[in-house]
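Colleague: The lines below spell out each chain.
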Amino acid sequence: MPNVAVETVKLTIDGQSLTVPKGTLVIEAARQVGVMVPHFCYHPKLKPDANCRMCLVEIEKIPKLQTACSTPVAEGMVVRTATTVVNEAHKSVLEFILANHPLDCPVCDQGGRCDLQDFSHEYTPTTSRFIEVKRVFQKEYFSPLIEKQMNRCVQCLRCVRYCDEVMDVKALAPVNRGTMTEIKHFGTHELDCEFCGGCIQICPVGAITSRLSMYEFRPWMLKRADTVCTYCGDGCQITLQTKDNQLIEVNSSLGAGRNNGDLCARGYFGYHATTHPDRLTTPLVRRDGRLVPATWDEALEYVAETFAQLKLKHGAQVFAGVITARCTNEDLYLFQKFMRLAVGTNKLDSSARYGQVNAVRALCRIQGTHRWPVTFEDIAAAEALLLVGTNITEANPITGLRVKEAVKKHGATLLTVESLQPTVGTISNIANLAAHHFTAHPDQYKPVVLGLIKAVIEEGLADQPLSQKAPAYLQAIRDAVHALSWPTIEAATGSSAASFKEAARAFARTARAVIIVGAGVLREPGASGLAATLQDLLLLTGHHGRPGCGLAPLAEQNNDQGAVEMGTVTECLPGPCDLDDQEARARVSALWQEDLPQGPGLTIPEILEEARGKTLKALYLVGEDPVGSLPESARAKEALEGVEFLVCQELFLTETAQMAHVVLPACSYAEKDGTFTNTEGHVQQVRHAIEPVGESRPDWEIFSDLAGLMGYPLEYGDAKDLLKEIRALVPGYNLPGPTPKPSRPDHTAVDRYLQQGYAEDLGERYRYTPPVKAAGRLTLLVDQSLFHSGKFSTKAKGLLHLQAEGAVSLNPADAARLGIVEGDRVLLSNELGHCRTTAKVWDRIPAGLCRFPEHFDQEARRLLSVSIDVATGVPYYRSAQVKVEKAQ
Amino acid sequence: MLKEKYTTEIADILSRYPVKRSALLPLLYLAQREQGYVSEAAMQEIAGILKLTPPQVYETVTFYTMLNLKPLGKFHLQVCKSLMCALVGSDILIGWLEKKLGIKAGETTHDGLFTISKVECLGACGTGPMMQVNDDYYERLTEEKVDRILADLKRDGTSALKTGPFMWPEPAPAKRGA
Ligand code: SF4
Ligand code: SF4
Ligand code: SF4
Ligand code: FES
Ligand code: FES
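Chains as they are written, first to last, in this note's numbering: chain A, 148 to 1035; chain B, 28 to 205.
One should not assume that every hint holds.
Below, computed lysine-lysine pairings styled on BS3-like, alpha-carbon distance capped at 30 Å [to be verified]:
id : chain 1 : residue 1 : chain 2 : residue 2
1  : A       : 281       : B       : 108
2  : A       : 555       : B       : 108
3  : B       : 108       : A       : 987
One side of the interface only, derived from the structure: several residues of chain B facing chain A at Cβ under 10 Å [claimed, not checked]:
id : residue
4  : 78
5  : 91
6  : 93
7  : 95
8  : 96
Worth flagging that the hints you see were computed from the coordinates, not collected in a lab.
For clarity, every value in this text was computed on a predicted model and none was experimentally measured.
Ideal placement from N, C-alpha and C gives every residue a C-beta, glycine not left out.
Model the full structure from these sequences, guided by the hints.
Modeller: If you want it as C-alpha cells, here you go:
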C-alpha cells in the first residue's frame, strides 16, 4: 500500500473514546472498542445497504436514530448503542422480522449459530403483537447442492450482494416486493452458478443452506479443524467440520487464511473425495499376478528387500521416483531425501514438472528469486492488471476474486489475454471486467504479448532510467519489435494496432501493475520464454522491482510451489538450489551428515523414456498416475510395463496402481498434518480433521519406515520435526504469519539479465512464426474446469452433481457451420485417434477453438501429442488440432 | 428476436442512456408490447443486450406490476390495492370483479378477455377506488360503473367511462365522472 498519511477522526462510543481513519463506518469503529452493534444486512465484505434497520444507534445532535452500518464516523461524534431508545428500536425491528419468521429452529441447520436467534435472545420480549397469519412461500426445488427455505429469510440481501459484489456472478435475484420478496435464480430454472457456497456462508439465518449436509448435524456437535484446501494453488483456508470421524461440512470464516473466508465450489462442496468408499484401506501386494491385501509389515519388508536386491544387482541408478505436488512439504521433502539417501539417486521428480517449473525458472532467471514478488493484497491494490492465459475464474478462483476486487472496488484497469470471449452468463467471466481484452488461442498469447511490447516501445512508454542503465538491452528489444510489422501482429492476433497501443498506454502509465500468468502460457510450448518476455514488459514500463508490482505465475496444484522449494523437482536441491550448486550441496550434505548422490536427475518424461528403454528397474510413484493422466501418445503404460518393480503409494487404485507390484495406501490431506505453500509462496498449516481411512498412513511416515528397513534411518517424531529440518535448508518456512512477505527481486540477478542474460534467447523470444494449421480443423484445448481439480475431485459426490462427465464446448458459429446443436453426439478426430463425446454450445468459446475438461479426458487424451520443452523438460499436451463432426 | 424486428428502436433507446442498464425498463416495455407479456426468451435477449444476467432482468420484471410474466387477457384490469384505495374499498372492488368474471385476482377468464391483477399505487389516490385497464384509467368506481365498463369493453373494446391516460405535459380532456 502506498504510504499516504491517513486522516483520522476522534469519536466516542458508549463512553469510550477512540481514533479511527476517516470514512470508517460507526459499526466498524464500535467493533474496535468491543461494542457489537446487532446487524443483518451489514457485512464487512459488502457495500452498506442499510436495509434491515437492525443496527440503529443514537448519535448526539442527530434527532433520529441512525444506521450504524451506513453512517461514517465524524469528528467529535458521540454514539450510544445501548440506551433504552436503541433497545426499543432493536426490539421493534425483531418483532417485525419475527412476525413472519417460522421459528422452525429445531429443524434448521443454522440453529445454534444464527444471528436471528442470538439477537432475539438478547433483545426481544417473548410476546408478539402480531396475530396475522405468517407469510408462506411455495417450496420449490432450487439446486442439487443449495437449499432455500425462504420462510426463514430476513431479506437482508447479503446473498444477492455477495454474489454480485464479490463473486461478480449475479445469479441471485430478489424477486417481487415487500414482505413477499423472495430470493430466486431465473424464473423456475434451477440455480446455475459457480456454486461457491458464498451465499450459504453469508446468510445470517438458515434461509440458504447446503444440501450436502442437510439435517445431519447440530452445529455444536461438530469438531473443527482449520486446514488448507488441496484443489488448487490458491491455498484457501478451510475449516473441516466433523462428527464421529465423518466429514460433515466445510466452511471458512471471515478473515481466515489468504482467502478471507471466500471459497470456490471445489473447496466448499468437494470434501467427500477423501472419504470415497473406493479409498485404499490396506497395502496390496501382487501374488500370482493379482493384487491381494497384505499387512504393512509384509508390504514394507517386501519393498525394502526388493529395493535392496535391485540396488545390489544394478546400482542405484536404475531407480526413479515421482511424487505428486498435492502432498505436504514434509512429505515432499522426505521423499527427495529418501530417494537421494536411502536409494541413492537424483532421479526423482514431482508433478510440479507439468508447469510450475516453468514459472519458477522464469522468475529465478530475471528477478533472482523463486517466489512471487507480490501478494494477493498487491493484486487487489494494483492500478493495472494484465492477465495472460489464466482462465482465472476456473483455475484459481480466489486469486480471481482479488482481481475482481481490484477492478470493482478500487477501479483498477484490467487487461485480459484469455481464451474466452467477454459474454455474460451466471458463471463470472473475467474478460467482462476488462478495459482491454484480447481473445487468444493457445498460439496467440505470444503475438499479443509482442504486440503490447511493440506498442510500449513505439508509443514512447519505455521507462527513461532503463535507457541509461541498459541501453543495449533496450536497443535489442527495439530492433526485435521493429522487425515485427503491425500487419503481421494484426494478422496473428486478430486485434488492431490501435487496440494494442491503447492497452499499452493504460498499462504503462500506472504506478502499480501486476501481470498474472496461468496455464495457458505455462503449460504450452514456449512457456518459460514467454514468461521471461512478460518480465521484459515490466522492465520496459519501469514496474519491475517496484513494490506491489511484478509477475505472478499461478500454481495449479496446492503445493506446486512447495515441491520446487523442497527440492522435489529433479534439477533442484531443497532451497531451491541447483542440483550442481557445490555450495548448496555442501550445506545439504552437512545437515544430512551424508554424501549426496552423484549422477544426473531425470524429469518425468525422461523417467518414462528410461523405463521404456528398460534401463530403469524400479519406480516409486507417490500419488502420480501417468497412465491415467498423460496422453496415450506418451506411451506411459508401455513404459511402466517395462519396469521390473513398480511401487505405487496412493489414495485410490488408479490405472497405474493396478499395474503395480506393491500398492501402499496413503492418507489424504484431511488425515494428516504438515504444511502447504500456496501460489504466492505463503506457507500454511495443514491439520488433520479425521483419523486415517482404513490402515492408510501419512506419506512421510511410509518413507521413514522404508528408509529404516533399508538401513538408512530417517526418523522423525512428527511432521513438526520435519518442518524444523526444512527450516534449516529452505528460507521462508519460519512460523507462518497471517500475510506473506513478497520476495524482493535480487538486484544482481536483474542486472545480470539486463546486461547480458537477455541476449541468450531474445531473438528467439521476439521472433514470430505463424503456426501451420490444417484447414477445417478446430484447436482442441484440454483445460481445467471450475468444478473439478485433476482427477481427484471426480470422487467428490458434491462436485459430480455439478459436472459428472466431459463434453466438448463449441463456439456457436462453429457449431452451426458443422450442423451441431447442444447435446449432439460428436466425433473428434485427428491422426492420433478419435473420441466420441457430447457437444455443448457456449458463446464464451472463441471461433476456431473447442474446449474439453481435463478431468474427464480419458478418451480425449488420445488426440493429444506430447512435446517436451528443451530448456525445462516440461511435457506439453494441452492442445491439438482436431476435426469435429456430428457422430453418426 | 426483438433485435431483428426493432433494430432502430432499440438503438434509439440505448442511445438515450449513458449507463446501459438504465435502458432496461424501456426495453422490457418494448418486449411486452410485442407479446403482451415478457417472455423468458425476451428477458434473456435483453440481458444479452445490456450485459446483465437473466436473474437481474427477472428481478426487475417482478418488481413492477406493469410488467407481466404470463400472457394476459385482452383487457388487463389492474386494481390499485395501495393504502388510499384500500381505505375507500379496493377490496370490495376486487370482490365485484372476481364475482362478475368468475375468476380470482391473478387469473384470466376462459374466453381470454379479462385478467384481474392487484397492483401498487397508480397515482390516482384522490379518486379511488380505481383501476387501470390496459392504458386507460377508470376512477371513483362503483358497482354500477364496473358493470357498464365490463359490458362496454366486451362489446366495443373500450368504454366511455375511461378517464385517462393523462399524458404530461398535454392536459387530458376534462371528461370526468359519470
Ligand atoms: S455463485 Fe452461486 S453459490 Fe456463489 S453466491 Fe452466487 S448463487 Fe451462491
Ligand atoms: S436468504 Fe439469507 S442472506 Fe439472502 S436475503 Fe434472505 S436472510 Fe438475507
Ligand atoms: S480450489 Fe482453490 S480457490 Fe477453490 S477453495 Fe480450494 S484452494 Fe480455494
Ligand atoms: S445492518 Fe444496518 S441496516 Fe442492516
Ligand atoms: S393508493 Fe390507489 S392510486 Fe394511489
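Colleague: Do the numbers back the hint for residue 93 of chain B, that is, is its least Cβ distance to chain A under 10 Å?
Modeller: 13 Å, violated
Colleague: Classify the hint on residue 78 of chain B as holds or violated, based on whether any CB of chain A lies nearer than 10 Å to its CB.
Modeller: 5 Å, holds
Colleague: Is the hint on residue 95 of chain B kept, meaning its closest Cβ partner in chain A is under 10 Å away?
Modeller: Violated: closest Cβ of chain A sits about 13 Å from residue 95 of chain B, beyond 10 Å.
Colleague: Check whether the Cα positions of residue 555 of chain A and residue 108 of chain B lie no farther apart than 30 Å.
Modeller: Violated, at about 40 Å.
Colleague: Quick check on the hint: residue 91 of chain B CB to chain A CB, less than 10 Å?
Modeller: Nearest chain A Cβ about 9 Å off; hint holds.
Colleague: Taking 10 Å as the limit, does the beta-carbon of residue 96 of chain B come near enough to a beta-carbon in chain A?
Modeller: 8 Å, holds
Colleague: Would you check the hint for residue 281 of chain A and residue 108 of chain B, treating anything up to 30 Å between C-alpha atoms as holding?
Modeller: Distance ~20 Å between residue 281 of chain A and residue 108 of chain B Cα, so the pair holds.
Colleague: Holds or violated: residue 108 of chain B with residue 987 of chain A, Cα cutoff 30 Å?
Modeller: 47 Å, violated
In summary, the numbered hints that this structure violates are 2, 3, 6, 7.
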